[in-house]
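Q: Chain by chain, the residues run as shown.
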Amino acid sequence: MVGLYPTIERRAIVIAAFEKEAQSSPLGKKREGGGDLRHLQRFTAAMAATNSSAVFLSAVDRCAAADSPGKRTLLERSHSVRLVGTPVTRRAAVWRKAFGLGSNFLRRTISSLGFAMASAVTEKPPATSKCLWEDVEMAPEDPILGVTLAYNKDTSAVKLNLGVGAYRTEEGKPFVLESVRKAEAILAADRSRNKEYLPITGLAAFNKLSRELILENDCPALVENRVATIQCLSGTGSLRVGADFLAAHYPNAAIYLPDPTWGNHKGIFPASGLCMKKYRYYNSQSRGLDIEGMIKDLKSAPSGSVVLLHGCAHNPTGVDPLPEQWEVIRQVIRDKGHLPFFDCAYQGFASGDLSQDAAAVRSFAGDGGELLIAQSFAKNMGLYGERVGALSVVCRSEVIAKKLESQVKIIIRKMYSSPPIHGASIVTTVLGDKELREEWMSELRGMANRIIQMRKQLYDALILRETPGDWSHILNQIGMFTYSGLNKEQVAVMTRDYHVYMTSNGRISMAGLSPSTVPHLADAIHAAVTGNN
Amino acid sequence: MVLSFLNCTSSQTRHRPLTHSSLSSIHSTGRPLISSAACILPEDKEQKGGGDIAVRTVFFFLPLPTMASAQAMPISVWEKLTEAPEDAILGVTVAYNKDPNPVKLNLGVGAYRTDEGKPLVLEVVRQAEARLVADRSRYKEYLPIVGLAAFNKLSKELAFGADHPAVVANRITTVQGLSGTGSLRVGAEFMGQHYHTPIIYVPVPTWGNHNKIFPKAGLKVQSYRYYDPATRGLNFTGMMEDLKAAPDGAIILLHVCAHNPTGVDPLPEQWDAIRQLIRAKGQFPFFDSAYQGFASGDLDADAYALRSFAADGGELALAQSYAKNMGLYGERVGALSMVCATAAAAKLVEGQLKLVIRPMYSSPPLHGAAIVATVLSEEKLLHDWKAELKGMADRIIEMRHKLYDALLQRGTPGDWTHILKQIGMFTFTGLTKPQVDFMREKYHVYMTGDGRISMAGLSTATVPHLVNAIDDAVRNIA
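Chains as they are written, first to last, in full-length UniProt numbering: chain A, 1 to 533; chain B, 1 to 478.
Honestly, I wouldn't trust all of these hints.
[Stated by the list, open to error] Using 30 angstroms as the maximum straight-line C-alpha spacing, the simulated BS3-like pairs for lysine-lysine come out as follows: (1) A:LYS208 x B:LYS80; (2) B:LYS98 x A:LYS266; (3) B:LYS281 x A:LYS403; (4) B:LYS390 x B:LYS380; (5) A:LYS208 x B:LYS390; (6) A:LYS336 x A:LYS277; (7) B:LYS347 x A:LYS159; (8) B:LYS98 x A:LYS402; (9) A:LYS403 x B:LYS212; (10) A:LYS266 x B:LYS281; (11) A:LYS434 x A:LYS182; (12) A:LYS153 x B:LYS390; (13) A:LYS488 x B:LYS347; (14) A:LYS173 x A:LYS402; (15) B:LYS281 x B:LYS212.
No lab work stands behind these hints, which were simulated from the structure alone.
Chain A extracted, bound-state conformation:
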């Protein structure tokens, strides 16, 4: 936040400007929900300690009101706002724009005005010797990916990385599936293949196989060509492209996220410009699903809201609704005319069965309604770094699906033009060949089973140590992660004393465990929970 207002002088401008307006502006008070205004007030309060020079008065007001055409031009040009009439009407125009556009406008206004102020004061452009980025804030490390960074830096002989959800073998090694290696070898040996640009929407064969995987071949929506599928960069890329599309073509709807959810959801949706809300999901008492809370919140959300749903193996909790609960959820969502957006990163990983894990998505796709699906092959085909995924949008008609696809292309063209060929080609080869597909499915079941084994072993180890607490959630939760219930402090103890790395919300990647490391983890948990070292 602070990085948006690079220099102390510019922060001073912000403080002065918004302290004044926050108190007295009728426009500010009238804003619905007062979101931006509250944000500003919090910000100014936080910046109150900063040295604010009295010389820099409300710069926004000043420039808007100023007789200086140069300053007004700068404002007008950067924000497409017409500053006409009296100082009062000009100020009103600026403030109306500010609250309409939010922090982006403010940031840019202050930047451009800060510059104008600086040049007015000094009569020359900013010194070229000063580094432009000197005052850029040190960005915090990504909470999930930062765990691996910290783990790598740790020099201890015995350490355990249970951070990122990347599968590990029993020997603790990364795993490239045999079916993938075979597919890759076939591709590399084929000299008739080239590296030409894919279409903007990606590899057509990949798109077809992907949607058939998540939706099953005879799904009416597929048969009727009502599904637009676009290759994207794994789950993140599919979510982002989908969210950008919603921001452009389904505006004013907020997206409802389960509480808790994957951390990066909260990065993606704001970046797209979607307003985020949450619905109750995890019950920390029962360590299960708060179905009543979830239903209540979905019912009270405004009709037509976007609802993010985890297809299976909820990340980070591992708590999934039962089939009958999914049915209730679906009815509520359809009755309220909400738009479901499924995040499917673990098809095949939850139960080992691809159909079972897709049951929820398929029930929505089969009821005639519309939905979006972000599909990832990172985990279930072990293609993490190749960034393979797909965004599918189930529409009411083929005509609409075609138009929708054309609009998604516009979004992708200005982001990265077209997706990478390699990973999608691997998926196409595996899914398109009967033997390779069989081999893949069996390897997938193997991975899912090993995780289930680790759950049993960890549970048994904790029972053996008589570690206080009910640990049955380790067995009940589904997928790659266990939401251990450990708090930040306990996690810190485990990292400090046992070199066990996990995200601070207590999420453990079971895929990172092996029979030889389970005892170490059990010791660490025991120590953290009992407070003994």
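Once you have looked at the hints, place chain B on chain A.
A: Only chain B this time, still in chain A's reference frame:
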């Protein structure tokens, strides 16, 4: 039933005509069919043929539930979507592919073709790839958000030179990006969020996609004069005037070499003057490097402008692509480099770049970057690559000569020396839009509407056909 038909034409006008297939889907979900299926909306007549009218008529007379008992057909949330137009550049290939004519020529996208008209995968790339795939000790783990470290280092050194003062001083942060487009977008997003003057000046003309990427990232796009149609060369005076008139501190987009679409590059002494002016005005250069090695055939010579800017102590951004010079088009390999005044600033910038990338696609794809890193890090592969690159650049120059000679021989009206003078993959022919359209319709020659042809798409065998087309267009179409 008649009443309900009349009702539905007035009150149900928002409902779109149901296709036959979607009607059956409603049957399969067990929801009652409503009589609005019998509506004939004005739009129908354009979209559908007579057959659908017959379908609707059948339903009209079936014993359908009345409006009162029927469940309302929900409207799609995407009702108001319109068909977006095809991308101006990529759409050329789409149109080309749809063309059924046996004799056709695609001179649209800047993708290299052999003299047999075939796409080319470089030998060094095949070797690198074979080695990577055979190496069972390699994994497919997530790359860091900033990409493959070895790739980033080698890319930085390729662009700036390993012993460049900025490289040695660690003042450059390089992150892997999705080819040129992705690197431009990440850089532009960063500038839009952190730079004090979010206005970018682009040359006229420039690559079409620039004007889409920058506004999306929050940068206001302005322009400076660049191409002079009269001389078919650089409008240096106009360029300098416009840069001078541009605000201090504005961002200036510069093509490192082989300007796209014009093929017109400033001379070294002109680059020096441009640099002096930009630095004097505290403007921020944002370089787009998609053709390093394709302009002159020499990687270092092609980077002259970029390296001179990076050496004068000032800061800049660079979007670098391996799509063309390593033929890795579809693998989406590129890099964004930010040259900063200090190493500390470079570290700060890197952290913020990660915040742009993580919510966009988390981390970049592994394969293409691994190929590049393999080729650039091994002496033999590096040497062989340079030879193949020179081979591609030479073939393009040969096509320039062949086309020029053929036009001269034909006696086609006009001065065609610009075909020889322009640099890189494209020729900015000077053909007008009507002439371009004519050539497409009559000769099935495809190029972008601005008259830009990809020389890389030409071959000895196809030059005569192109000459026929140009000759006819120039003589008969204005």
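Q: Under the constraints set out in the numbered hints, which ones does this structure not fulfil?
A: 2, 3, 5, 10, 12 and 14
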